[in-house]
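Which chain is which? The protein sequence lines are A, B, C and D, in order. Just so we're on the same page, the working numbering is the position in the first sequence counted from 1, plus 256. Just so we're on the same page, the working numbering is the position in the second sequence counted from 1, plus 256. Just so we're on the same page, the working numbering is the position in the third sequence counted from 1, plus 256. Just so we're on the same page, the working numbering is the position in the fourth sequence counted from 1, plus 256.
Incorrect hints may have been included.
Just so you know, same-sequence chains aren't split out, so a pair can sit in one copy or run between any two.
Below, a list of computed lysine-lysine pairs in the DSBU-like style, where the Cα atoms sit at most 30 Å apart [said to hold, decoys possible]:
#1 K384 <-> K296
#2 K296 <-> K490
#3 K377 <-> K296
#4 K367 <-> K384
#5 K490 <-> K377
#6 K331 <-> K377
#7 K331 <-> K490
#8 K384 <-> K364
#9 K384 <-> K490
#10 K377 <-> K364
Bear in mind the hints are in silico, worked out from the structure with no lab data behind them. Since this is a predicted model, take the numbers as computed values, not measurements.
Number of protein chains: 4
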Amino acid sequence: MARSIGVTIWNEFRHEQQDDRIAAIYPNGIHRAIGDGLTKEPDLAVRTATLDEAEHGLTDEALTHTDVLIWWGHKAHDEVTDDVVERVHRRVLQGMGLIVLHSGHFSKIFKRLMGTTCDLKWRAVGEKERLWVVAPGHPIVEGVGEFIELEEEEMYGEHFDVPPPETLVFVSWFSGGEVFRSGACYTRGAGKIFYFRPGHETHPTYFHDDVRRVIANAVRWAAPVSGPARVFGKVEPQEAILSGAR
Amino acid sequence: MARSIGVTIWNEFRHEQQDDRIAAIYPNGIHRAIGDGLTKEPDLAVRTATLDEAEHGLTDEALTHTDVLIWWGHKAHDEVTDDVVERVHRRVLQGMGLIVLHSGHFSKIFKRLMGTTCDLKWRAVGEKERLWVVAPGHPIVEGVGEFIELEEEEMYGEHFDVPPPETLVFVSWFSGGEVFRSGACYTRGAGKIFYFRPGHETHPTYFHDDVRRVIANAVRWAAPVSGPARVFGKVEPQEAILSGAR
Amino acid sequence: MARSIGVTIWNEFRHEQQDDRIAAIYPNGIHRAIGDGLTKEPDLAVRTATLDEAEHGLTDEALTHTDVLIWWGHKAHDEVTDDVVERVHRRVLQGMGLIVLHSGHFSKIFKRLMGTTCDLKWRAVGEKERLWVVAPGHPIVEGVGEFIELEEEEMYGEHFDVPPPETLVFVSWFSGGEVFRSGACYTRGAGKIFYFRPGHETHPTYFHDDVRRVIANAVRWAAPVSGPARVFGKVEPQEAILSGAR
Amino acid sequence: MARSIGVTIWNEFRHEQQDDRIAAIYPNGIHRAIGDGLTKEPDLAVRTATLDEAEHGLTDEALTHTDVLIWWGHKAHDEVTDDVVERVHRRVLQGMGLIVLHSGHFSKIFKRLMGTTCDLKWRAVGEKERLWVVAPGHPIVEGVGEFIELEEEEMYGEHFDVPPPETLVFVSWFSGGEVFRSGACYTRGAGKIFYFRPGHETHPTYFHDDVRRVIANAVRWAAPVSGPARVFGKVEPQEAILSGAR
Numbered sequence: 257m258a259r260s261i262g263v264t265i266w267n268e269f270r271h272e273q274q275d276d277r278i279a280a281i282y283p284n285g286i287h288r289a290i291g292d293g294l295t296k297e298p299d300l301a302v303r304t305a306t307l308d309e310a311e312h313g314l315t316d317e318a319l320t321h322t323d324v325l326i327w328w329g330h331k332a333h334d335e336v337t338d339d340v341v342e343r344v345h346r347r348v349l350q351g352m353g354l355i356v357l358h359s360g361h362f363s364k365i366f367k368r369l370m371g372t373t374c375d376l377k378w379r380a381v382g383e384k385e386r387l388w389v390v391a392p393g394h395p396i397v398e399g400v401g402e403f404i405e406l407e408e409e410e411m412y413g414e415h416f417d418v419p420p421p422e423t424l425v426f427v428s429w430f431s432g433g434e435v436f437r438s439g440a441c442y443t444r445g446a447g448k449i450f451y452f453r454p455g456h457e458t459h460p461t462y463f464h465d466d467v468r469r470v471i472a473n474a475v476r477w478a479a480p481v482s483g484p485a486r487v488f489g490k491v492e493p494q495e496a497i498l499s500g501a502r
Numbered sequence: 257m258a259r260s261i262g263v264t265i266w267n268e269f270r271h272e273q274q275d276d277r278i279a280a281i282y283p284n285g286i287h288r289a290i291g292d293g294l295t296k297e298p299d300l301a302v303r304t305a306t307l308d309e310a311e312h313g314l315t316d317e318a319l320t321h322t323d324v325l326i327w328w329g330h331k332a333h334d335e336v337t338d339d340v341v342e343r344v345h346r347r348v349l350q351g352m353g354l355i356v357l358h359s360g361h362f363s364k365i366f367k368r369l370m371g372t373t374c375d376l377k378w379r380a381v382g383e384k385e386r387l388w389v390v391a392p393g394h395p396i397v398e399g400v401g402e403f404i405e406l407e408e409e410e411m412y413g414e415h416f417d418v419p420p421p422e423t424l425v426f427v428s429w430f431s432g433g434e435v436f437r438s439g440a441c442y443t444r445g446a447g448k449i450f451y452f453r454p455g456h457e458t459h460p461t462y463f464h465d466d467v468r469r470v471i472a473n474a475v476r477w478a479a480p481v482s483g484p485a486r487v488f489g490k491v492e493p494q495e496a497i498l499s500g501a502r
Numbered sequence: 257m258a259r260s261i262g263v264t265i266w267n268e269f270r271h272e273q274q275d276d277r278i279a280a281i282y283p284n285g286i287h288r289a290i291g292d293g294l295t296k297e298p299d300l301a302v303r304t305a306t307l308d309e310a311e312h313g314l315t316d317e318a319l320t321h322t323d324v325l326i327w328w329g330h331k332a333h334d335e336v337t338d339d340v341v342e343r344v345h346r347r348v349l350q351g352m353g354l355i356v357l358h359s360g361h362f363s364k365i366f367k368r369l370m371g372t373t374c375d376l377k378w379r380a381v382g383e384k385e386r387l388w389v390v391a392p393g394h395p396i397v398e399g400v401g402e403f404i405e406l407e408e409e410e411m412y413g414e415h416f417d418v419p420p421p422e423t424l425v426f427v428s429w430f431s432g433g434e435v436f437r438s439g440a441c442y443t444r445g446a447g448k449i450f451y452f453r454p455g456h457e458t459h460p461t462y463f464h465d466d467v468r469r470v471i472a473n474a475v476r477w478a479a480p481v482s483g484p485a486r487v488f489g490k491v492e493p494q495e496a497i498l499s500g501a502r
Numbered sequence: 257m258a259r260s261i262g263v264t265i266w267n268e269f270r271h272e273q274q275d276d277r278i279a280a281i282y283p284n285g286i287h288r289a290i291g292d293g294l295t296k297e298p299d300l301a302v303r304t305a306t307l308d309e310a311e312h313g314l315t316d317e318a319l320t321h322t323d324v325l326i327w328w329g330h331k332a333h334d335e336v337t338d339d340v341v342e343r344v345h346r347r348v349l350q351g352m353g354l355i356v357l358h359s360g361h362f363s364k365i366f367k368r369l370m371g372t373t374c375d376l377k378w379r380a381v382g383e384k385e386r387l388w389v390v391a392p393g394h395p396i397v398e399g400v401g402e403f404i405e406l407e408e409e410e411m412y413g414e415h416f417d418v419p420p421p422e423t424l425v426f427v428s429w430f431s432g433g434e435v436f437r438s439g440a441c442y443t444r445g446a447g448k449i450f451y452f453r454p455g456h457e458t459h460p461t462y463f464h465d466d467v468r469r470v471i472a473n474a475v476r477w478a479a480p481v482s483g484p485a486r487v488f489g490k491v492e493p494q495e496a497i498l499s500g501a502r
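Working from the sequences, and respecting the hints, build out all of it.
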């Protein structure tokens with residue numbers, strides 16, 4: 257694939273403007289921190305979009321140029337308009353990749369694609385997380401070790417109300433006693449979806465080398481493929497076949 | 257399981273009242289034909305519900321007593337209210353089984369649970385269909401042979417826009433040249449879902465012994481399990497574990 | 257299913273006869289402890305078999321009457337003859353259920369069916385294990401809570417070199433920092449296989465109510481289905497179809 | 257991935273030397289026809305190996321330089337030595353890709369990796385096959401249309417005795433009335449495996465553009481990933497974690 261992959265990083269971008277402690281960690285917003293992690297990747301062309309832009313920065317034109325959309329949201333999921341959700345949904349089915357990060361589990365678009373509540377357990381005391389690789393040959397773990405250790409993260413625990421992942425890539429261990437399916441691949445239509453758990457706004461997780469590596473790998477894995485057109489609806493009898501076969 | 261499984265067969269029940277040719281095939285409605293196929297099963301307690309009943313016959317109370325819901329709809333999917341769809345959706349996540357038949361692929365509830373368009377190809381010329389078993393040890397094919405042959409059915413063809421089945425049980429061959437993933441298992445929350453392709457209203461498919469056998473098997477497979485309560489939300493630190501582990 | 261399910265519990269039965277500490281925990285052998293957990297289940301007909309019996313107690317006749325085989329082995333995997341392994345393998349493909357416990361991960365029969373090394377990490381210091389349910393609607397977790405807690409168990413850690421489970425039912429958390437896919441469903445041929453992690457010989461795990469409940473549930477889940485005969489080999493042209501269709 | 261992918265095409269290469277009709281179709285052997293289809297791919301470095309070479313051309317050194325191994329065999333599966341099978345098996349678990357073509361379903365290495373008989377139905381009358389894409393976003397169908405049509409091929413029919421594919425990419429329709437899961441993805445250890453059905457020696461299938469395209473796509477999909485080392489065996493207590501957590 258000689259041409260670059262168009263990546264749009266979407267961020268709610270509210271916490272960082274409203275809470276000094278979070279602004280101290282992500283002074284330019286979570287989207288910029290994620291974007292900085294991708295800029296050294298020569299095959300990725302990165303832009304960002306945020307909730308408070310017109311159409312949340314996700315116009316038809318923006319999405320047309322987006323091969324993979326990264327999604328971070330938390331406290332304002334409900335402010336994302338249904339129109340934009342449907343537009344993103346359509347694009348995913350057409351082949352656009354989608355990477356949903358952390359609290360994005362509760363975004364309208366993720367719930368729309370999963371068909372479930374996407375609910376889970378949580379505890380925000382800053383405990384140790386280890387993301388163990390359970391799919392060692394998967395392209396998403398290229399360059400990653402046996403596990404990724406984050407000294408302090410929010411805990412997410414099972415039961416995670418999503419469909420069984422088509423491929424389970426990471427399972428998290430938390431020091432408080434919980435586990436979580438924290439790296440999960442899905443396909444919907446021609447689109448690929450990766451849910452990746454880490455990234456609470458109170459921790460500098462998106463500066464972590466391995467977290468950035470996983471996101472970059474996931475972008476490449478989720479990039480669209482020029483597969484067959486998906487054709488639906490009424491089809492005519494194929495007489496050459498049918499007339500004989502009946 | 258000593259107590260019987262409560263089955264509700266939901267049918268749109270319009271074609272049968274509006275089209276003489278279809279009334280000739282299903283004089284009491286498709287739901288009655290399906291129900292007759294289940295009445296010889298001593299462990300099943302069957303009732304029916306139809307679109308034009310109050311709340312489509314799917315009141316809270318009706319659903320509370322429903323272990324497995326069977327769904328047939330075609331031309332009036334849009335008349336099913338969103339309230340009822342959300343009610344059924346909630347019940348599926350809580351563990352109620354759902355069996356979606358034929359043109360029910362385009363029902364609101366199936367699309368809601370799948371997260372995709374559930375679109376497909378079709379051709380209604382009455383061609384031969386063979387449903388080949390590809391999961392020979394699955395409880396849904398108990399008592400079924402290598403394939404089920406239906407002399408005349410509507411064709412449904414790929415691409416079928418659903419998530420990859422968790423278990424693929426049947427693949428259909430059509431004399432016109434198409435294939436279709438025609439028996440597909442999913443889980444959503446604690447609920448099990450089975451999509452089963454056959455049953456166009458212009459053919460007497462629901463009188464076919466094997467089709468009836470598959471539906472009865474699917475009911476038992478989809479019946480709820482008294483598994484763990486699904487607990488979500490904030491959890492307190494488990495001090496005995498966490499204090500030491502941090 | 258009116259008739260009872262024939263269960264054979266196979267145990268290597270060496271540790272218990274050679275090591276006093278283990279004999280103190282399982283004085284009648286691990287197979288008896290597992291068997292005692294199943295005897296209160298009226299639908300199960302349980303027998304046992306051990307390595308040092310003729311043909312390891314797994315004669316053709318014994319297997320013919322076995323619907324589900326439970327397997328525990330550890331230090332003498334290599335003493336199981338290849339003939340018996342092939343016999344069990346054939347029966348599984350024909351539909352016999354197989355439940356592989358703990359160190360049985362390294363048995364010849366499990367490796368034969370998985371196609372991988374089935375290797376893993378381990379540490380035997382008696383740490384806390386929590387088996388979290390991740391498939392809350394699965395029949396194997398009937399009657400089980402959100403997790404099963406074992407105060408002291410051997411640790412098994414990822415990477416577990418098995419094919420991705422078709423259904424992942426449990427994920428274990430260990431206090432030492434590891435996770436493990438500890439309840440995993442597979443199908444091979446017409447047979448169902450469940451790998452269940454707990455049960456080191458130095459801990460009284462098979463007296464634990466929930467562990468016993470899971471094994472009983474797994475037996476019912478893995479029981480054979482009278483599905484289609486699996487037919488292979490050369491088939492004649494089906495002239496009625498083929499002559500026209502070509 | 258700047259460096260090229262090392263591909264070894266392994267062919268039994270007997271039919272072509274012993275049967276004039278087959279030599280007429282594949283005068284340089286099936287391996288050369290497959291290789292010619294890959295030579296226009298600039299990122300692939302292709303070599304071949306055949307049964308009658310020393311160690312079947314699959315020495316340790318040859319495999320060390322092989323990223324993806326393509327396998328075609330039919331009448332001499334038993335002549336492949338167990339040593340070579342174990343060597344290939346080890347390499348697959350370490351990450352080497354494996355593409356098994358057509359009658360390679362009965363090769364020792366495929367059966368070893370699948371854990372089943374890999375048996376199927378067949379009929380060699382040269383009937384029409386259509387391979388329908390059921391995974392339209394998968395990298396293996398890049399550039400392929402809705403289906404691939406082969407005017408004359410051997411039929412392979414269900415039941416195909418393999419584990420359920422992790423991803424099902426193609427389903428074949430045959431004019432004689434059968435279906436087949438004809439493009440199937442698996443992982444074993446760190447290695448990726450793709451089974452691709454077409455390619456009977458009596459038909460010029462490996463000259464077909466789409467068949468060649470699928471094989472090239474599959475090579476790229478199956479190429480190894482530099483993921484985590486797979487570490488097994490006894491691990492020491494991680495005191496910092498365990499001492500507190502117990």
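When no copy is specified for K331 and K490, does a C-alpha distance of 30 Å or less occur within a copy, between copies, both, or neither? between (44 Å within a copy, 15 Å between copies)
Indicate which option fits the pair K377, K364 if close means a Cα-Cα distance not exceeding 30 Å: within, between, both or neither. For K377 and K364, the Cα distance is within 30 Å both inside one copy (18 Å) and across copies (29 Å).
Taking 30 Å as the upper bound on the Cα-Cα distance, should K384 and K490 be classified as within, between, both, or neither? between (55 Å within a copy, 17 Å between copies)
Measure nothing new, just compare the shortest in-copy and cross-copy C-alpha distances for K331 and K377 to 30 Å and report within, between, both or neither. Classified as within; 16 Å inside a copy, 40 Å across copies.
Is it within a copy, between copies, both, or neither that the alpha carbon of K367 lies no farther than 30 Å from that of K384? within (28 Å within a copy, 35 Å between copies)
Reference check for the pair K384 and K364, CA-CA at most 30 Å: within, between, both, or neither? within (29 Å within a copy, 38 Å between copies)
State whether the alpha carbon distance between K296 and K490 is at most 30 Å within one copy, between copies, both, or neither. neither (48 Å within a copy, 37 Å between copies)
For the identical chains here, do K377 and K296 meet the 30 Å Cα criterion within one copy, between copies, both, or neither? Neither: 35 Å inside a copy, 36 Å across copies.
Is it within a copy, between copies, both, or neither that the alpha carbon of K384 lies no farther than 30 Å from that of K296? Close inside one copy (28 Å), not across copies (43 Å); limit 30 Å.
For K490 and K377, with the copy left unspecified, which applies at a CA distance of at most 30 Å: within, between, both, or neither? Answer is between: at 6 Å across copies they meet the 30 Å cutoff, but 45 Å inside does not.
The structure shown violates the earlier hints numbered 2 and 3.
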